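Sequences listed follow chains A and B, in order.
Sequence positions in the first sequence follow my numbering and run 31 to 176.
Sequence positions in the second sequence follow my numbering and run 31 to 176.
Simulated from the structure, these hints should not be mistaken for lab results.
Mixed in with the good hints there might be a few duds.
As the list makes no split between identical chains, a pair holds if one copy fits it or if it spans any two.
As the list claims (entries may be wrong) - Listed below are the simulated SDA-like cross-link pairs for lysine to any residue, each with C-alpha atoms no more than 25 Å apart in a straight line:
id: 1; residue 1: Lys71; residue 2: Val84
id: 2; residue 1: Lys145; residue 2: Met156
id: 3; residue 1: Lys70; residue 2: Val84
id: 4; residue 1: Lys70; residue 2: Asp136
id: 5; residue 1: Lys70; residue 2: Met90
id: 6; residue 1: Lys71; residue 2: Gln140
id: 7; residue 1: Lys145; residue 2: His82
id: 8; residue 1: Lys132; residue 2: His94
id: 9; residue 1: Lys145; residue 2: Leu157
id: 10; residue 1: Lys132; residue 2: Met156
id: 11; residue 1: Lys145; residue 2: Asp58
id: 12; residue 1: Lys70; residue 2: Thr86
id: 13; residue 1: Lys71; residue 2: Thr86
id: 14; residue 1: Lys71; residue 2: Thr44
id: 15; residue 1: Lys70; residue 2: Gln85
id: 16; residue 1: Lys71; residue 2: Asp58
id: 17; residue 1: Lys70; residue 2: Ile83
id: 18; residue 1: Lys145; residue 2: Thr44
id: 19; residue 1: Lys132; residue 2: Pro93
id: 20; residue 1: Lys70; residue 2: Asp58
id: 21; residue 1: Lys71; residue 2: Gln85
id: 22; residue 1: Lys71; residue 2: Phe88
id: 23; residue 1: Lys70; residue 2: His89
id: 24; residue 1: Lys145; residue 2: Ala78
Just so we're clear, the structure is a prediction, and the values are computed from it rather than from any experiment.
Spelled out from the first residue to the last, the chains are:
Number of protein chains: 2
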Amino acid sequence: MNNHAQYPEKTQATYLGRHILAEFFDCDSNVLNNLELIEKKMSEAATACGAHIVQTCFHMFNPHGVSGVVIISESHLAIHTWPELGYAAVDLFTCGENCDPKIAYDFLKQAFSSKSGSYSELRRGMLVSPDLVQKAPFCIKDQIEV
Amino acid sequence: MNNHAQYPEKTQATYLGRHILAEFFDCDSNVLNNLELIEKKMSEAATACGAHIVQTCFHMFNPHGVSGVVIISESHLAIHTWPELGYAAVDLFTCGENCDPKIAYDFLKQAFSSKSGSYSELRRGMLVSPDLVQKAPFCIKDQIEV
Chain A
31 MNNHAQYPEK TQATYLGRHI LAEFFDCDSN VLNNLELIEK KMSEAATACG AHIVQTCFHM
91 FNPHGVSGVV IISESHLAIH TWPELGYAAV DLFTCGENCD PKIAYDFLKQ AFSSKSGSYS
151 ELRRGMLVSP DLVQKAPFCI KDQIEV
Chain B
31 MNNHAQYPEK TQATYLGRHI LAEFFDCDSN VLNNLELIEK KMSEAATACG AHIVQTCFHM
91 FNPHGVSGVV IISESHLAIH TWPELGYAAV DLFTCGENCD PKIAYDFLKQ AFSSKSGSYS
151 ELRRGMLVSP DLVQKAPFCI KDQIEV
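Chain A on its own, in the form it takes in the complex (with noise of 0.2 Å):
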């Protein structure tokens, strides 16, 4: 069992993940088109959830944007920035039960200024010890505005 694969015990939560997919509109501009900034924050997040950092990734776009990649332990947090839109769409996906996708979606709404955030929770890898059961992800929480 890697690192990441902290899956519950049979008497717990029966998937191995959760994924919070965020939008955040209305947004600082001038956030969204640094590129240190955005890793900072997005290191910071990944902290902040209780998360541990393995490697990270960014990429700064001609003439603006930036893209990113925290991998965790626990999976990974993604970003990508429309600064001349005010948007970016940031993925949260985190597993084991030491992790709360929440807690990163709360701190970088923050860290962007967005006036309008909302997300979509999914679960990953259901299981149903000692079987797994394949399913699609599945919204759990669809069109929470927050």
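Got chain A; can you put chain B on it based on the hints?
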């Protein structure tokens, strides 16, 4: 407008991107535990679906399991593998009109010899030109067994 922000004309699609969240079960565990092969197949999947690779970032866990991301001009492809479960969680997020993440899904299902693959597809960055509409990602295809 950066490279990954080839957002549609007013007359075309009203969202920036498509995000396929795939669940690959009953995979070849030896493939899922081979970092070089996983990186190669993820990169080939990106190219196959019409994307342009910007950066790759992969990590091998101890004792087993691979996590990695291919950052593309059109967003990203990500993977986390649990060889001990024969399971891989894969994200295929592409923007613009020139990529089809379903092609990457089909490519990887075969590459991992998955006997049971399924996915959900969400849309990201909904637009109602000329103004943005703030919406959470939402499932347009759910529980698809392919």
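**OP:** Provide an ascending list of the numbers of those earlier hints which the structure does not satisfy.
**Re:** 7, 8, 14, 19
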